[in-house]
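Novice: For reference, the chains in residue letters:
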Amino acid sequence: MRAPEEIIIRPLVTEKSTGLMADNKYTFLVDPGANKIEIKHAIEKLFNVKVLKVNTLMDRGKLRRVGRFQGRQSDRKKAIVTLKPGDKIKVFEGLE
Amino acid sequence: MKAAVEKLDKNQVLLEVEVEAPRVQKAIDQAYRRLVKQVNIPGFRKGKAPRFILEQYIGKEPIYNEAAEIVIPPAYEEAVAEHQLEPIDRPEVEIVKVEDGEPLVFKARVEVKPEVQLGPYTGLEVERQEVEVTEADIDAYLKRLQERYAELEVIEDEPAAAGDIVTIDFKGTVDGQPYPGMEGNNYPLELGSGTFITGFEEQLVGARVNEERTVNVTFPSDYHEKDLAGKEAVFQVTVRGIKRKKLAPLDDEFAKDVSECETLADLRQDIRRRLEESQKQRVEAAVRQAVVEKAVAAATVELPEVMVERRIDARIRELERNLQAREMTLEEFLKNTDKTIGDLEKEFRPGAERDVKTELVLEAIARAENIQPSQEEIDAEIERMARIFRQDPDTVRKNLGDLSVLKYDIMIKKTIDFLVEHSKPVPPREQGAAGETAETAEATPA
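Top to bottom, those sequences are chains A and B. If you want the working numbering, it's the 1-based position in the first sequence plus 728. If you want the working numbering, it's the 1-based position in the second sequence plus 260.
Among the hints, a few may not be true.
Straight-line alpha carbon distances no greater than 30 Å define the calculated DSS-like cross-link-like pairs of lysine-lysine that follow [as the list claims (entries may be wrong)]:
(1) K297(B) - K818(A)
(2) K320(B) - K744(A)
(3) K790(A) - K812(A)
(4) K554(B) - K617(B)
(5) K812(A) - K308(B)
(6) K781(A) - K816(A)
(7) K818(A) - K286(B)
(8) K306(B) - K818(A)
(9) K744(A) - K781(A)
(10) K744(A) - K286(B)
(11) K816(A) - K297(B)
(12) K617(B) - K805(A)
(13) K308(B) - K744(A)
(14) K297(B) - K806(A)
(15) K816(A) - K308(B)
(16) K818(A) - K554(B)
(17) K306(B) - K753(A)
(18) K306(B) - K262(B)
(19) K753(A) - K790(A)
(20) K753(A) - K684(B)
(21) K753(A) - K773(A)
(22) K320(B) - K262(B)
(23) K308(B) - K790(A)
(24) K744(A) - K306(B)
(25) K320(B) - K816(A)
(26) K674(B) - K818(A)
(27) K617(B) - K744(A)
(28) K684(B) - K673(B)
Across the chosen pairs, the derived CB separations fall in these ranges [as the list claims (entries may be wrong)]:
(29) I318(B) - K781(A): 27 to 35 Å
(30) I318(B) - K764(A): 55 to 63 Å
(31) E733(A) - P334(B): 48 to 56 Å
(32) K806(A) - E352(B): 47 to 55 Å
(33) R369(B) - E772(A): 52 to 60 Å
(34) E772(A) - I318(B): 30 to 38 Å
(35) I318(B) - R796(A): 38 to 46 Å
(36) E733(A) - D360(B): 32 to 40 Å
(37) D360(B) - G799(A): 23 to 31 Å
(38) P732(A) - E352(B): 48 to 56 Å
(39) K781(A) - R311(B): 22 to 30 Å
(40) E733(A) - Q272(B): 54 to 62 Å
Since the hints were derived computationally from the structure, they do not count as laboratory data. Virtual Cβ for every residue (Gly too), placed ideally from N, Cα, C.
Modelling step: build the complete structure from the supplied sequences, incorporating the hints.
Specialist: And the structure:
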């Protein structure tokens, strides 16, 4: 199994994800190849919390063009992790 | 809010103020709400980021600073009111502590009005000029009335005499060169009125209608237009017409024409009354001026530089306004008079210092004697102003806002009244002093 640091890329801080924190759900960008079980183990190991549930979704990169050049944003995988009530993650240093 | 005052040297005061935690917390919340609207944080719409996100993004400092800006000014005002300080400058504020859930502490250093050491201000000896209107004064006044209501008679076959009004065309040259502004047509000029340069009017005496004359004059060395000062000029003048003032004879008819009076005797009475009234006012103003000057001279006070500077600024602005009325800018004025703004400041300083001292001393006397405007006096003053401005008293009241300026003015006026009441009138030493005091009377603070 890969190291947790390789699976969890960074926390995702948006209005929506901040709102979810009220339900003890934390949102991360993860390696697109990672599965829910790997994510669960990685989070538990990194933050020393108990994970109840992991929901994931693939975020397909959008087509972008600059003049006549067409490109596309990278695909991302988002993981919404539900923690056991009372557990908290206090790490949001990865703000851009 | 808790505030401690510490007197520093001179007229400085150090305030140490502590603001209660709940009030600080409210201010911090308010600061957050204000700041969050200004900051763009990726992932959030403007103004939608929660506080902890904002704090991570911009740090706590800016929020605390904003909160301090919200909480300090009113707290400072309260502290000033509580300790009855009279600041004359903006305070220098230093934040000692600001934190969530804690009281905020700040220090404010500010210059306050200095203490005034009053000298004796009752029983001041003041010369009071007698009000005296002589028959000669009335005659002079009548003469002026005659002049003002004189009819103009067109003269055709006589030479112009002093006092006549001639209509002239003129064209002036300096060193043979025409000069802008030294030209005019159909200009009415009263000979002997001193409107033109010295010598000009005299040289037209004896001229007849349609006569051309050459007038030679020298511009005075202090002439306002520097290029021309001291220069000799030649004017070609054509007399277009001559008019002579025809004075009406002093009789009952004249009295009826120029006034409401029926007879000349009535008119003389009326003039006497008016002259006496204006003399009385002049004497009163002189007495007020003198008594204030004496009280001020007897007091000692260390003049705060800020107040003096502010007064100098006010005087310069006033000058600027007066210049504007003559369509001149301050820069032009300075160029014409060959002065710098620094010269003006130096020039205004003694007057400004006198004003500030007068103000401080009068305030101190008002405080010592507990002189305050009563409600009736305030109402009466508003009534008076309403009459002057032809406005509704209520409108005037509204325009005056919190009336503090009005109250202050009444207080100062009452203080001067007090000084005059408690002064000791002495007979004037000599007649000659009257003109002098009347002249300076304008400077009396209202």
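Novice: Take the hints in turn and mark each one as holding or not.
Specialist: Right, here's what the structure says about each hint:
| no. | hint | result |
| --- | --- | --- |
| 1 | K297(B) - K818(A) | holds (25 Å) |
| 2 | K320(B) - K744(A) | holds (23 Å) |
| 3 | K790(A) - K812(A) | violated (34 Å) |
| 4 | K554(B) - K617(B) | holds (12 Å) |
| 5 | K812(A) - K308(B) | holds (27 Å) |
| 6 | K781(A) - K816(A) | holds (14 Å) |
| 7 | K818(A) - K286(B) | holds (26 Å) |
| 8 | K306(B) - K818(A) | holds (24 Å) |
| 9 | K744(A) - K781(A) | holds (18 Å) |
| 10 | K744(A) - K286(B) | holds (27 Å) |
| 11 | K816(A) - K297(B) | holds (28 Å) |
| 12 | K617(B) - K805(A) | violated (78 Å) |
| 13 | K308(B) - K744(A) | holds (10 Å) |
| 14 | K297(B) - K806(A) | holds (28 Å) |
| 15 | K816(A) - K308(B) | holds (23 Å) |
| 16 | K818(A) - K554(B) | violated (76 Å) |
| 17 | K306(B) - K753(A) | holds (23 Å) |
| 18 | K306(B) - K262(B) | violated (38 Å) |
| 19 | K753(A) - K790(A) | holds (26 Å) |
| 20 | K753(A) - K684(B) | violated (90 Å) |
| 21 | K753(A) - K773(A) | holds (17 Å) |
| 22 | K320(B) - K262(B) | holds (25 Å) |
| 23 | K308(B) - K790(A) | holds (25 Å) |
| 24 | K744(A) - K306(B) | holds (14 Å) |
| 25 | K320(B) - K816(A) | holds (22 Å) |
| 26 | K674(B) - K818(A) | violated (70 Å) |
| 27 | K617(B) - K744(A) | violated (66 Å) |
| 28 | K684(B) - K673(B) | holds (19 Å) |
| 29 | I318(B) - K781(A): 27 to 35 Å | holds (34 Å) |
| 30 | I318(B) - K764(A): 55 to 63 Å | violated (36 Å) |
| 31 | E733(A) - P334(B): 48 to 56 Å | holds (51 Å) |
| 32 | K806(A) - E352(B): 47 to 55 Å | holds (53 Å) |
| 33 | R369(B) - E772(A): 52 to 60 Å | holds (57 Å) |
| 34 | E772(A) - I318(B): 30 to 38 Å | holds (33 Å) |
| 35 | I318(B) - R796(A): 38 to 46 Å | holds (40 Å) |
| 36 | E733(A) - D360(B): 32 to 40 Å | holds (34 Å) |
| 37 | D360(B) - G799(A): 23 to 31 Å | violated (46 Å) |
| 38 | P732(A) - E352(B): 48 to 56 Å | holds (54 Å) |
| 39 | K781(A) - R311(B): 22 to 30 Å | holds (28 Å) |
| 40 | E733(A) - Q272(B): 54 to 62 Å | holds (60 Å) |
The structure is inconsistent with the numbered hints 3, 12, 16, 18, 20, 26, 27, 30, 37, although it conforms to all the rest.
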